[in-house]
Amino acid sequence: MQDWLDIGTLADIPVQGARTLTLDGTPIAVFRTVDDHVFALVDRCPHKGGPLSQGIVHGHAVACPLHNWRIALASGRAQGDDHGCTPTLTVRRDGERILLAHPLPLADAA
Amino acid sequence: MDFEGFAKVDFEEALEPSAFDDGPTLPDRQHLVVVGNGMAGCRAIEELIARDAGRYRVTIFGAEPHVNYNRIMLSPVLAGEKTFDEIVINGHDWYADHGIELIAGDPVETIDRAAKTVTARSGRSVGYDKLLLATGSDPFIIPVPGKDLPGVITFRDMNDVDQMLAAAEAGRAKGGGAAVVIGGGLLGLEAAHGLSLRGMKVTVIHLAKTLMERQLDESAGWLLKTALEARGQVILTEANTAEIVGDWRVEGVRLADGTLIPASLVVMAVGIRPATALARTAGLEVGRGIKVDDHMVTSDPDVLAVGECVEHDGQVYGLVAPLWDMCRSLANGLVDRHSGYRGSVTSTKLKVSGIDVFSAGDFAGGDGAEDIVLRDASRGIYKRVVVRDDRIVGAVLYGDTADGSWYFDLLKKGEDVSAIRDVLIFGQAFASGGGQADPKAAVAALSDDAEICGCNGVTKGKVCQSIVDGATSLDAVRSTCKASASCGSCTGLVEQLLSITLGEDYGGERTVKTMCKCTSFGHDDVRREIVAQAMRSIPEVMQKLHWSTPDGCSSCRPALNYYLLCALPGDYKDDQQSRFVNERMHANIQKDGTYSVVPRMWGGLTSPRELRAIADVVEKFNAPMVKVTGGQRLDIFGIRKEDLPAVWADLNAAGMVSGHAYGKSLRTVKTCVGSEWCRFGTQDSTGLGVKIERMTWGSWMPHKFKIAVSGCPRNCAEATIKDFGIVCVDSGYELHVGGNGGIKVRATDLLCKVATEEEAMEVCAAFVQLYREQARYLERTAPWIERVGTDHIKSSLLDDPEAIPTLAARFRSSQRFMQDDPWEKRVTGEDAHLHQPLLVAAQ
Chain A
1 MQDWLDIGTL
11 ADIPVQGART
21 LTLDGTPIAV
31 FRTVDDHVFA
41 LVDRCPHKGG
51 PLSQGIVHGH
61 AVACPLHNWR
71 IALASGRAQG
81 DDHGCTPTLT
91 VRRDGERILL
101 AHPLPLADAA
Chain B
1 MDFEGFAKVD
11 FEEALEPSAF
21 DDGPTLPDRQ
31 HLVVVGNGMA
41 GCRAIEELIA
51 RDAGRYRVTI
61 FGAEPHVNYN
71 RIMLSPVLAG
81 EKTFDEIVIN
91 GHDWYADHGI
101 ELIAGDPVET
111 IDRAAKTVTA
121 RSGRSVGYDK
131 LLLATGSDPF
141 IIPVPGKDLP
151 GVITFRDMND
161 VDQMLAAAEA
171 GRAKGGGAAV
181 VIGGGLLGLE
191 AAHGLSLRGM
201 KVTVIHLAKT
211 LMERQLDESA
221 GWLLKTALEA
231 RGQVILTEAN
241 TAEIVGDWRV
251 EGVRLADGTL
261 IPASLVVMAV
271 GIRPATALAR
281 TAGLEVGRGI
291 KVDDHMVTSD
301 PDVLAVGECV
311 EHDGQVYGLV
321 APLWDMCRSL
331 ANGLVDRHSG
341 YRGSVTSTKL
351 KVSGIDVFSA
361 GDFAGGDGAE
371 DIVLRDASRG
381 IYKRVVVRDD
391 RIVGAVLYGD
401 TADGSWYFDL
411 LKKGEDVSAI
421 RDVLIFGQAF
431 ASGGGQADPK
441 AAVAALSDDA
451 EICGCNGVTK
461 GKVCQSIVDG
471 ATSLDAVRST
481 CKASASCGSC
491 TGLVEQLLSI
501 TLGEDYGGER
511 TVKTMCKCTS
521 FGHDDVRREI
531 VAQAMRSIPE
541 VMQKLHWSTP
551 DGCSSCRPAL
561 NYYLLCALPG
571 DYKDDQQSRF
581 VNERMHANIQ
591 KDGTYSVVPR
601 MWGGLTSPRE
611 LRAIADVVEK
621 FNAPMVKVTG
631 GQRLDIFGIR
641 KEDLPAVWAD
651 LNAAGMVSGH
661 AYGKSLRTVK
671 TCVGSEWCRF
681 GTQDSTGLGV
691 KIERMTWGSW
701 MPHKFKIAVS
711 GCPRNCAEAT
721 IKDFGIVCVD
731 SGYELHVGGN
741 GGIKVRATDL
751 LCKVATEEEA
761 MEVCAAFVQL
771 YREQARYLER
781 TAPWIERVGT
791 DHIKSSLLDD
801 PEAIPTLAAR
811 FRSSQRFMQD
821 DPWEKRVTGE
831 DAHLHQPLLV
841 AAQ
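Chains as they are written, first to last, in my numbering: chain A, 1 to 110; chain B, 1 to 843.
Next up, chain A with everything else stripped away, as it sits in the complex (with noise of 0.2 Å):
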């Protein structure tokens, strides 16, 4: 049975930028792309478990504070010629507000 989790409002999540929260224990990043879509990953790069929320948002993609590895938002998947994978989760809006879908798919986490 899958449940929706309230997490705010798509005002408080700045454009281009992230917000954390922590789920059963696992740190989950909540972007805000430029055109408004909003992803849910799980905040650990690939690559040395980077925290993405703190990385620059281009497109839909983020580039991790560490060591500039670029992750697709909606895959969670690492581009170029990086290989690796972040545990995305499901987001829906309605209206203003933000639902996450919970428990968390963590089968493939990193």
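Among the hints, a few may not be true.
[To be verified] Heads up, simulated DMTMM-like pairs for lysine to aspartate or glutamate below, C-alpha to C-alpha not over 20 Å straight-line:
no., chain 1, residue 1, chain 2, residue 2
1, B, LYS209, A, ASP36
2, B, LYS517, A, ASP81
3, B, LYS209, A, ASP12
4, B, LYS349, B, ASP325
5, B, LYS591, A, ASP82
6, B, LYS130, B, GLU46
7, B, LYS209, A, GLU96
8, A, LYS48, B, ASP592
9, B, LYS825, B, ASP575
10, B, LYS753, B, ASP684
11, B, LYS544, B, ASP356
12, B, LYS291, A, ASP94
13, B, LYS517, A, ASP82
14, B, LYS573, B, GLU540
15, B, LYS209, B, GLU229
16, B, LYS349, B, ASP400
Calculated from the structure, these hints are not laboratory results.
Guided by the hints, dock chain B onto chain A, whose structure is given.
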């Protein structure tokens, strides 16, 4: 059709409880009652009549005292381009001709689904066989103090328009009134446009970063803002309304930052939400809208719903096109020819205040999506097509929307566009005009008169001629016929012409290394153009220099942010989201995601009070390590992001400011003890170090920058491997530049020797400014000097006696704006929420 006597539109009469409740029914005719006399309700009936005019007896309830009019056309009515009569869709005759009873000005308040009746405000009750809800949507009112004051209105119906016209009239009597429009979406901008045409001074307040962010991406939104400002409107983005002020009626709007904007009229146009109250109280299933199936049937088989009030497959729509689709499906269902609505892909083609904009589909892109961007600065055009798996999934057009419907058509049909991928962005005429499959063939097919370079008006013929005449490289073409020499957007076309004309002789290589994949310009070109064209923001640079991505990347954005900051100190609004995490957090991110914090110790000096404060912070926040840095400062490790504001607060309270140990800026000024204590010291190196640090701290630079002052040639402060080093000697000060103790060790070059501290500081300021203005982003002084040559640095500073004072003055002027402590701002609450986790709301 012989059915008569129910065309009641008279307002007075309509309010009377009537005897039509169970009016004369023909046994074979079911009674269809429509709640809502707007565009959806009436369109549904039009569709029904077109299929089977005699099938139902129809009664329509409308809340407004009007016949059916085109709500979209309220803007032209406000702007004075149309009258109300001109926007009526169906006049009284239509209702009469089709035997439709219109009950206008009497909103339905309850539905009794068991008894199958609806009851209106007047008490009139009508029975139905089928009920159609077309209640539309309600304007959203933001719950701020003062929202109920007279003079605060929405922009939704004729009554609103009348109030706006009255306010404009009253303003005119006093020599011009002022209005505030809250909301920079389509509706708000239409209202603002109409009100300014009516002579009001209009300020638009918009919460988001750019206008119409739902329909337009950031680039197009920025262009729109620039165009509207040029027409005299004041547009405030990222502006949060705190309250509407006024004693007995509206006098102004106060923003969260304290700004007060006087106004006699406030229009709330922040959005709409489906009007579902009636359906909800009737016990129908309601999500964001009234839930319907593919035939527009609600959870009650005898109740249908259509338009903005419904939710279909999780979607609600606020546009007209989906509404037409829904009405067709609804009418088919009503005459038992079920077709089924499958949801709509929407496109928006608008003229906002006379400016053409278009958007369709999912222009956000996302995983696996490619953006194809065309920016034409000289014509004010921006086009972006998003392609995924060789199919168009979205498009945004600004300034030239002629190809909008073509893109939308390709999008809806899901056509494979791989064959025309390279010329897609140039539009239908281009893509289907020349050989579709090969972009080179398309260019080859262009006539000699076709314009290649819009900036310089160069035709294909002229470009080819100059190539034939010997311009065999891009740079040569640029310098001979000027094509591609200005904005560069035609660079690809010129290269294709080179390739076509020269064949295999054209190597195709470019010599300038571009800033990143988003642009064809190098760092130096971008810097030069920013100054030459007086550009003021990142979106402006991206537009004018034809960036090929919508919002750049993590390489170009921090560089652009720096170049603008350097060019416009004090004027440019820093873009936090284009800064690397360390600069955004004002602390150093470490491998485990925690941060380290370095308080500034001027010249490396400290005091018991500062040491005590640092020790207290270490204990209080369980910092696992404190370390002396290479630059003589204390680095406190292992601070959690949430604790950063509290750490800064404690350090601030002890008088310490940020050490900028994380920034592309001055890090530290390292010193030795100098003449005050040292038996070899020739000058007061510690004192000079403190003065220099006080002068240079907080200055943003292309890369980190280190300074040292050594008191004698023994050089204990290691001044000869710093970006700027001072070595004190008996006769004065030796000034060194370009040292680096990093991966590639480089000893400094001696720049010059001066006699006094004042001169040493003046040269330091001038050198720093020269570096700030000329080096490329992320280029430290050592590689910069090796690239341009020590002679260039020396001659830039020393040949002209005015050079040093001029550069130093520019540096000091810029420092007036730079020297504010970022920690202090955040201790007082700026961006505090960014350190806090999101809260999960109670379920």
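Quick rundown of the hints versus the structure:
1. B/LYS209 <-> A/ASP36: At roughly 10 Å apart (the allowed maximum being 20 Å), A/ASP36 and B/LYS209 satisfy the hint.
2. B/LYS517 <-> A/ASP81: holds (15 Å)
3. B/LYS209 <-> A/ASP12: Since the Cα atoms of B/LYS209 and A/ASP12 sit roughly 14 Å apart, the hinted pair holds (cutoff 20 Å).
4. B/LYS349 <-> B/ASP325: holds (17 Å)
5. B/LYS591 <-> A/ASP82: holds (19 Å)
6. B/LYS130 <-> B/GLU46: Holds: B/LYS130 and B/GLU46 sit about 16 Å apart, inside 20 Å.
7. B/LYS209 <-> A/GLU96: Holds, because 16 Å separates the two Cα atoms, which is no more than 20 Å.
8. A/LYS48 <-> B/ASP592: holds (9 Å)
9. B/LYS825 <-> B/ASP575: holds (16 Å)
10. B/LYS753 <-> B/ASP684: Cα-Cα ~17 Å, so holds.
11. B/LYS544 <-> B/ASP356: At roughly 19 Å apart (the allowed maximum being 20 Å), B/ASP356 and B/LYS544 satisfy the hint.
12. B/LYS291 <-> A/ASP94: Holds. B/LYS291 to A/ASP94 sits at ~14 Å (cutoff 20 Å).
13. B/LYS517 <-> A/ASP82: At roughly 17 Å apart (the allowed maximum being 20 Å), A/ASP82 and B/LYS517 satisfy the hint.
14. B/LYS573 <-> B/GLU540: Distance ~13 Å between B/LYS573 and B/GLU540 Cα, so the pair holds.
15. B/LYS209 <-> B/GLU229: Between B/LYS209 and B/GLU229 the Cα gap is close to 15 Å, so the pair holds against 20 Å.
16. B/LYS349 <-> B/ASP400: holds (11 Å)
Violated hints are absent here; each numbered hint is respected by the structure.
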